[in-house]
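Peer 1: Each chain, written out:
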Amino acid sequence: MPRVVSKNSEKTDNHLVNVLQIKDAKAGRVRITLIDYDESNLVEKEITHIQECKVFREKQTVTWINVDGIHKLDIIDDLGRIFDLHPLILESITTKNQRPKIEDFGNYIFVILKMLHYDEKHARVNGEQVSIVLGHNFVLSFQESKGEVFNPIRGWIRNNKGKIRKMGADYLMYSLIDAVVDNYFVILERLGEKIECLEEALVNNPKPETLGIIHRIKKDMIFMRKSVWPLREVIAALERIGSPLIRKSTQLYLKDVYDHTIQVIDTIEESRDMLSGMTDIYLSSLSNRLNEVMKVLTVIATIFIPLTFITGVYGMNFRYMPELESRLGYPGAWLVMLLIAIIMLIYFRRRKWV
Amino acid sequence: MPRVVSKNSEKTDNHLVNVLQIKDAKAGRVRITLIDYDESNLVEKEITHIQECKVFREKQTVTWINVDGIHKLDIIDDLGRIFDLHPLILESITTKNQRPKIEDFGNYIFVILKMLHYDEKHARVNGEQVSIVLGHNFVLSFQESKGEVFNPIRGWIRNNKGKIRKMGADYLMYSLIDAVVDNYFVILERLGEKIECLEEALVNNPKPETLGIIHRIKKDMIFMRKSVWPLREVIAALERIGSPLIRKSTQLYLKDVYDHTIQVIDTIEESRDMLSGMTDIYLSSLSNRLNEVMKVLTVIATIFIPLTFITGVYGMNFRYMPELESRLGYPGAWLVMLLIAIIMLIYFRRRKWV
Amino acid sequence: MPRVVSKNSEKTDNHLVNVLQIKDAKAGRVRITLIDYDESNLVEKEITHIQECKVFREKQTVTWINVDGIHKLDIIDDLGRIFDLHPLILESITTKNQRPKIEDFGNYIFVILKMLHYDEKHARVNGEQVSIVLGHNFVLSFQESKGEVFNPIRGWIRNNKGKIRKMGADYLMYSLIDAVVDNYFVILERLGEKIECLEEALVNNPKPETLGIIHRIKKDMIFMRKSVWPLREVIAALERIGSPLIRKSTQLYLKDVYDHTIQVIDTIEESRDMLSGMTDIYLSSLSNRLNEVMKVLTVIATIFIPLTFITGVYGMNFRYMPELESRLGYPGAWLVMLLIAIIMLIYFRRRKWV
Amino acid sequence: MPRVVSKNSEKTDNHLVNVLQIKDAKAGRVRITLIDYDESNLVEKEITHIQECKVFREKQTVTWINVDGIHKLDIIDDLGRIFDLHPLILESITTKNQRPKIEDFGNYIFVILKMLHYDEKHARVNGEQVSIVLGHNFVLSFQESKGEVFNPIRGWIRNNKGKIRKMGADYLMYSLIDAVVDNYFVILERLGEKIECLEEALVNNPKPETLGIIHRIKKDMIFMRKSVWPLREVIAALERIGSPLIRKSTQLYLKDVYDHTIQVIDTIEESRDMLSGMTDIYLSSLSNRLNEVMKVLTVIATIFIPLTFITGVYGMNFRYMPELESRLGYPGAWLVMLLIAIIMLIYFRRRKWV
Amino acid sequence: MPRVVSKNSEKTDNHLVNVLQIKDAKAGRVRITLIDYDESNLVEKEITHIQECKVFREKQTVTWINVDGIHKLDIIDDLGRIFDLHPLILESITTKNQRPKIEDFGNYIFVILKMLHYDEKHARVNGEQVSIVLGHNFVLSFQESKGEVFNPIRGWIRNNKGKIRKMGADYLMYSLIDAVVDNYFVILERLGEKIECLEEALVNNPKPETLGIIHRIKKDMIFMRKSVWPLREVIAALERIGSPLIRKSTQLYLKDVYDHTIQVIDTIEESRDMLSGMTDIYLSSLSNRLNEVMKVLTVIATIFIPLTFITGVYGMNFRYMPELESRLGYPGAWLVMLLIAIIMLIYFRRRKWV
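Protein chains in written order, with my numbering: chain B, 13 to 366; chain H, 13 to 366; chain D, 13 to 366; chain P, 13 to 366; chain C, 13 to 366.
No lab work stands behind these hints, which were simulated from the structure alone. There may be inaccurate statements among the hints.
It does not matter which identical chain is used: a pair holds within one copy or between any two.
[Unchecked claim] In silico DSS-like links for lysine-lysine, alpha-carbon gap of 27 Å or less: (1) K113 to K267; (2) K84 to K267; (3) K175 to K158; (4) K108 to K133; (5) K84 to K173; (6) K206 to K364; (7) K84 to K175; (8) K108 to K173; (9) K206 to K238; (10) K175 to K108; (11) K57 to K178; (12) K238 to K267; (13) K66 to K158; (14) K219 to K71; (15) K84 to K113; (16) K108 to K158; (17) K57 to K175; (18) K113 to K260; (19) K84 to K57; (20) K173 to K71; (21) K231 to K260; (22) K57 to K71.
The whole structure should be built from the sequences, with the hints applied where relevant.
Peer 2: Given below as structure tokens:
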């Protein structure tokens with residue numbers, strides 16, 4: 013029943029809160045593409061009437077239907093009816109910001125994952141929900157908006173590159189998941205570069221903004237972990253699930269993606285450790301600079317305050333001050349002041365303040 | 013035997029300490045409502061004499077009795093006798109601030125959960141205990157005070173919306189739990205908005221109060237986690253329990269609520285990470301401002317202290333001071349002072365303090 | 013062989029170190045009370061000669077022997093011989109500061125727990141070891157000193173209140189454990205009140221002592237956790253142990269105590285989270301106050317240091333200083349100084365330091 | 013093949029790095045003592061020729077051979093040949109700084125543990141490796157250097173105290189392990205006393221060295237945990253291993269040692285929590301003292317800087333300054349200065365700085 | 013499909029990001045060496061044509077082929093064809109920066125591990141991927157570049173030292189892994205020495221760079237943990253895997269390496285604890301120094317500011333100032349100033365600032 017909640021949560025765009033919202037893409041058109049292939053044949057078309065899909069369902073060839081845009085509930089519902097999907101699945105597909113999960117319904121397997129993009133403009137990581145249904149000889153995939161992550165796979169199918177045309181629908185699903193996970197590495201690399209820049213900036217020229225940027229990257233890392241951590245379980249479940257829909261030969265490939273998700277998680281944890289170490293360095297560099305400032309003030313003040321006192325003494329207007337009358341008074345005063353200054357400087361040099 | 017303890021703990025209203033107390037709602041009336049339905053029939057009434065419930069127990073229709081107010085022990089006891097509840101359950105229902113838990117007594121299942129409200133006035137999250145008993149064809153629900161969270165469910169039953177009228181008592185219990193969990197998202201969203209505001213305030217204008225507000229939200233998050241964490245286990249147990257009271261078809265829905273509780277927990281952990289990052293930023297902004305203040309003081313002081321020393325020198329009253337007699341004395345002094353000031357400024361500019 | 017160690021560790025009274033010591037109660041008398049009951053009969057007496065217990069062992073009534081004071085090894089040894097206890101148990105009973113544990117010897121079960129007291133005078137939590145032996149129709153309990161926690165249970169037995177007289181020795185043991193656990197809530201409440209006071213003090217008037225008090229409460233929380241955490245496992249083991257000494261009906265009650273220990277642990281963890289948040293607030297309030305102090309110093313110093321320089325200039329004794337001769341010199345100097353002061357104040361107002 | 017590494021790691025004496033080194037005791041003699049006993053007979057002798065041991069191996073009495081010094085590889089090898097030990101064991105015995113572990117070779121069990129000493133001179137905890145081989149009717153024990161921890165056991169055997177002479181080789185091994193674990197408590201007590209001293213020092217008179225001492229104790233705690241944590245698993249394995257070499261009656265005693273190791277671990281964790289709390293207190297006391305220092309400076313400076321400005325004003329040499337001529341000028345100036353000082357003091361009193 | 017990603021990630025050399033890249037060794041030649049041995053025979057040669065290996069595969073002697081350089085994909089492919097390796101393995105071998113893992117393909121076992129080097133020039137730990145394939149009577153090993161870690165093993169085989177010539181291919185694989193793990197200890201020792209140096213530096217002369225070095229070592233520790241942690245699981249799996257390729261006698265040796273990896277992990281965790289303690293000490297030493305600086309400033313300023321005020325008073329030019337005319341005026345002023353200075357010094361001495 014999450015749809016109830018979702019209505020009043022549309023306004024905010026925060027990672028934390030938008031847990032169940034349905035945010036309609038503005039004026040978004042839903043685009044449905046179909047690729048139907050086996051080793052020797054290939055059909056690729058854009059679907060305009062959802063009932064066109066029906067024919068392909070019966071065929072023994074692998075059918076991949078990709079839906080860009082999940083805001084038109086009626087289209088999803090129609091597709092669900094053609095492929096006999098449970099209503100809860102249709103609800104899951106159209107409810108954004110769900111946790112990656114897998115559900116095995118016997119004659120099809122339903123997987124939700126998170127595709128991530130690095131938004132260079134706002135310097136933050138964005139997420140998009142991808143739902144995949146694997147059935148007998150068909151794969152349905154749903155994206156929130158048109159993306160480019162699946163394009164290489166389309167290319168391999170078109171050009172019969174690699175073994176994708178020789179394998180079944182399960183290998184196609186593996187390829188989709190693998191494309192999503194590979195994309196995580198691209199983002200990690202982008203964030204890693206930013207961390208490296210920050211590390212250099214910390215040493216050479218720490219600024220008040222630095223901590224804000226560290227915090228921003230930390231948030232991105234938390235967001236990524238939230239996406240990848242459950243994905244690990246999802247892929248492990250896919251491997252173990254023992255469904256007839258997933259062949260033995262594909263399991264080996266799934267184990268490979270599994271290893272990649274572990275690597276992503278390792279890298280995220282590593283970065284978080286590193287980032288908290290950087291916070292310490294930043295805070296200590298602030299202290300160091302305060303120390304520097306205070307040393308300058310202290311050195312100047314402690315040298316000149318006693319000297320000024322002496323000038324004050326001989327600026328007094330008492331009638332009877334023997335020193336004032338003496339010829340040696342003025343040079344003597346200078347001598348005393350010089351001595352004081354030198355002693356002070358020696359003291360500061362010993363303490364390594366100068 | 014917790015009732016022994018509870019008596020002397022009524023005075024305090026602290027999350028930490030009121031673990032077992034019974035705090036009587038002031039002058040609270042107990043309100044009992046009964047809804048009895050199947051697909052075609054519906055009876056809805058307010059119960060004044062507890063014995064009225066007896067008739068409905070025997071009927072094959074689904075009976076939902078909701079009790080608002082748990083401070084009148086005799087009413088709970090009477091109800092317990094009608095539905096054959098174990099004395100320990102009755103004690104649990106009337107003892108506030110219990111940990112969410114599930115107990116399977118064979119012919120009925122007993123569940124305790126925590127309903128949360130965001131109290132805008134005191135800007136804090138409050139909790140209320142909800143106890144649910146699921147038996148054969150009946151559901152009993154107990155709330156500490158009259159709330160509105162279950163109203164949509166009443167509406168669906170009245171208007172025969174969704175499939176609730178077609179399903180059994182187990183689906184009704186699922187709906188109640190789902191309503192409670194969905195409400196958590198509303199609160200998380202409210203807290204998320206506050207965190208977002210704080211983040212902006214931290215960057216633009218950090219104030220001493222900020223850390224207090226962060227601490228307040230942290231406390232709310234700890235309080236929520238304490239409520240949701242055991243709930244996760246409760247729902248998992250409900251799924252696995254294998255009780256004949258819970259049908260196969262409902263288990264799928266329970267899995268859905270389970271996923272939602274995980275999402276709530278994820279979001280809480282995420283927020284806590286974020287909040288502790290914000291504490292760091294706040295502390296560093298304090299240091300930064302101290303640095304700013306000290307720099308201003310140091311620049312002003314280190315420029316003027318030497319100059320004042322020079323004026324002090326020529327304010328001395330020695331009889332024999334050759335400079336004083338010279339026509340160039342006064343402009344010369346100004347020149348020296350200007351030079352010192354300029355050298356100092358160049359030094360500070362190099363250090364980027366000006 | 014812990015007795016070897018214990019001898020040279022008597023001097024210290026520290027939570028950390030007194031892990032195995034036997035600290036003789038000063039001039040303590042051992043007091044042994046016996047209560048023997050079934051539903052209709054009740055014998056209550058103070059034992060002076062340990063052999064009096066023998067008669068009660070044979071009877072089919074429930075016999076509860078409570079020993080206050082564990083420093084007289086011969087008494088414990090005699091009792092052990094009458095009830096056929098293993099030497100390791102006798103050693104455990106007389107060795108203070110053991111970890112809560114359970115051991116099942118077949119014909120009796122041995123449990124060690126920790127009774128806690130809040131010592132208002134030293135404002136700290138103290139612990140006392142309680143050992144319980146549950147055998148067929150008898151319960152032996154050993155306390156370090158005379159306490160009042162078991163008094164309500166004595167009252168219930170005497171006045172035949174509740175079902176305790178109808179139940180067996182296992183229910184008696186449950187009641188003793190429950191009394192100990194309920195007492196934890198009282199202490200948590202006391203500590204919770206102190207935390208609440210501290211929180212207010214932190215906001216209104218933080219003092220150097222505050223952190224000391226936070227540390228003190230943290231230590232108490234660590235001490236409590238050390239006592240309660242293993243108790244949780246002990247009670248879980250009691251539930252699962254499948255001993256014929258523990259009836260089915262009592263297991264339900266044990267589950268209830270188990271839930272309470274979990275709640276105690278939750279509350280302890282919650283408090284610790286809260287306390288570490290409070291340390292942050294305290295430290296930041298120190299920084300805030302330093303900032304305040306420094307701002308005042310900086311404002312005063314940066315306004316008056318330039319002004320004092322100007323007065324210094326016109327206090328110089330150069331013979332040729334045109335300004336000194338002018339009628340407008342003095343008011344002009346005032347004007348310049350006022351201007352400087354105003355500009356400074358505007359600058360500080362902009363920076364929000366005034 | 014760790015011997016390869018060990019050669020070039022002899023120079024350092026750091027807990028962290030000396031993981032596999034063999035550090036020859038300087039000019040150390042290897043001392044081998046043999047005790048052979050049953051309930052009625054006792055032979056105790058120092059072994060000079062390793063072949064003397066052979067006779068005792070065949071006897072049905074319990075034979076305990078203790079080797080002080082593990083740097084003479086040939087002696088260990090000879091002994092290994094007599095008792096049929098696997099080469100890997102001999103390597104383990106002579107390789108220092110191994111992790112506590114247990115290995116069951118069927119006809120003998122091999123255990124490595126860590127004996128700890130508190131080195132009062134350097135105020136640090138040192139470790140020494142103890143290897144124990146339990147076979148049928150024999151126990152071999154290997155220490156790095158001559159220690160006193162096993163002396164009480166020798167005493168019990170000589171004087172037939174306790175049941176050690178009545179029990180088998182397994183009980184002897186238990187006694188050795190128990191002696192090692194009991195010694196941990198002595199060290200914990202010593203460290204606990206130091207922590208208590210530190211706590212008082214923190215409150216009354218924190219010094220820069222304090223944090224160094226805290227760090228030193230933390231290191232010791234980490235070192236102890238590294239020794240005790242795997243020991244826990246070793247003893248648990250000994251209990252569970254189901255080897256015919258360990259009798260049922262001894263298992264009860266092993267459970268007792270197991271409980272003690274848990275207690276040691278608990279105490280270590282407790283101490284570490286406490287120590288990190290103390291670091292916070294120390295850091296805050298530094299801040300507090302800085303605040304104190306700054307308040308004194310600020311109060312003195314802000315009171316006298318304006319006053320000095322006023323004296324500066326009337327120290328100017330303008331020809332036309334009406335106040336200077338007035339009889340009330342001087343007392344008036346004093347009045348103004350007193351007023352300013354009083355206003356400042358009231359302001360500081362309000363802010364609680366004075 | 014990681015090869016897709018790897019192409020555009022070649023530019024960076026960061027631990028964090030280079031997760032899947034293939035970085036071609038500059039102008040690197042691939043060097044293939046073959047050692048074929050049994051107890052009595054030994055063939056050692058450098059392979060120039062990959063087909064030479066074919067003959068050795070059929071022989072019953074142990075064949076070890078080591079490949080230095082993994083950037084020539086065709087060579088790896090050829091080798092793969094000769095030894096019937098799965099394409100996924102070949103991809104894993106040539107993809108750098110993989111997580112240590114093990115895969116059992118029935119007739120061969122595939123292991124990836126991480127060899128570490130301490131790069132003295134950049135003062136950082138570098139990693140290199142080592143892949144090992146264990147088949148029936150053959151071992152293939154792949155390194156990124158020519159290293160020296162396997163040289164001792166080559167020596168043992170050549171000189172028939174130890175039992176390596178008497179054992180099978182599984183013992184050879186064990187020896188390779190053992191060499192890699194032993195090398196970890198060398199690096200830990202190097203890092204341990206650096207930590208020891210840092211600890212001394214922290215106490216005697218903390219510098220701003222210190223925290224940077226701590227951060228650097230922390231990063232190395234995180235990097236090592238990332239390499240060793242999964243290796244632990246790999247070796248545990250090797251032990252448990254029950255493959256006919258690994259003999260019983262070798263399992264004992266694998267358990268030994270396993271213990272070593274645990275020790276490495278323990279030491280890494282220990283170091284990390286120590287390093288974070290050192291950060292605290294560093295930060296507190298900064299505070300201490302600030303305190304020192306501020307005390308000097310405060311003492312000098314608070315002594316001389318009041319004195320300067322007094323000289324200011326008697327430097328005023330009021331016509332009517334009785335003190336100025338008195339003979340005792342000047343010495344009296346000195347007396348007052350001396351008194352003030354002495355009182356101040358006593359006050360500071362009491363506060364232990366002097």
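Peer 1: Work down the list of hints and note, for each, if the structure agrees.
Peer 2: Hints and how they fare:
no., hint, in the structure
1, K113 to K267, "both (17 Å within a copy, 11 Å between copies)"
2, K84 to K267, "between (35 Å within a copy, 26 Å between copies)"
3, K175 to K158, "within (26 Å within a copy, 34 Å between copies)"
4, K108 to K133, "within (23 Å within a copy, 31 Å between copies)"
5, K84 to K173, "between (34 Å within a copy, 22 Å between copies)"
6, K206 to K364, "between (36 Å within a copy, 25 Å between copies)"
7, K84 to K175, "between (35 Å within a copy, 23 Å between copies)"
8, K108 to K173, "between (34 Å within a copy, 24 Å between copies)"
9, K206 to K238, "both (20 Å within a copy, 21 Å between copies)"
10, K175 to K108, "between (33 Å within a copy, 23 Å between copies)"
11, K57 to K178, "within (21 Å within a copy, 41 Å between copies)"
12, K238 to K267, "both (21 Å within a copy, 19 Å between copies)"
13, K66 to K158, "within (23 Å within a copy, 51 Å between copies)"
14, K219 to K71, "neither (63 Å within a copy, 67 Å between copies)"
15, K84 to K113, "within (23 Å within a copy, 40 Å between copies)"
16, K108 to K158, "within (15 Å within a copy, 32 Å between copies)"
17, K57 to K175, "within (22 Å within a copy, 38 Å between copies)"
18, K113 to K260, "both (22 Å within a copy, 20 Å between copies)"
19, K84 to K57, "within (20 Å within a copy, 40 Å between copies)"
20, K173 to K71, "within (23 Å within a copy, 38 Å between copies)"
21, K231 to K260, "neither (39 Å within a copy, 40 Å between copies)"
22, K57 to K71, "within (16 Å within a copy, 56 Å between copies)"
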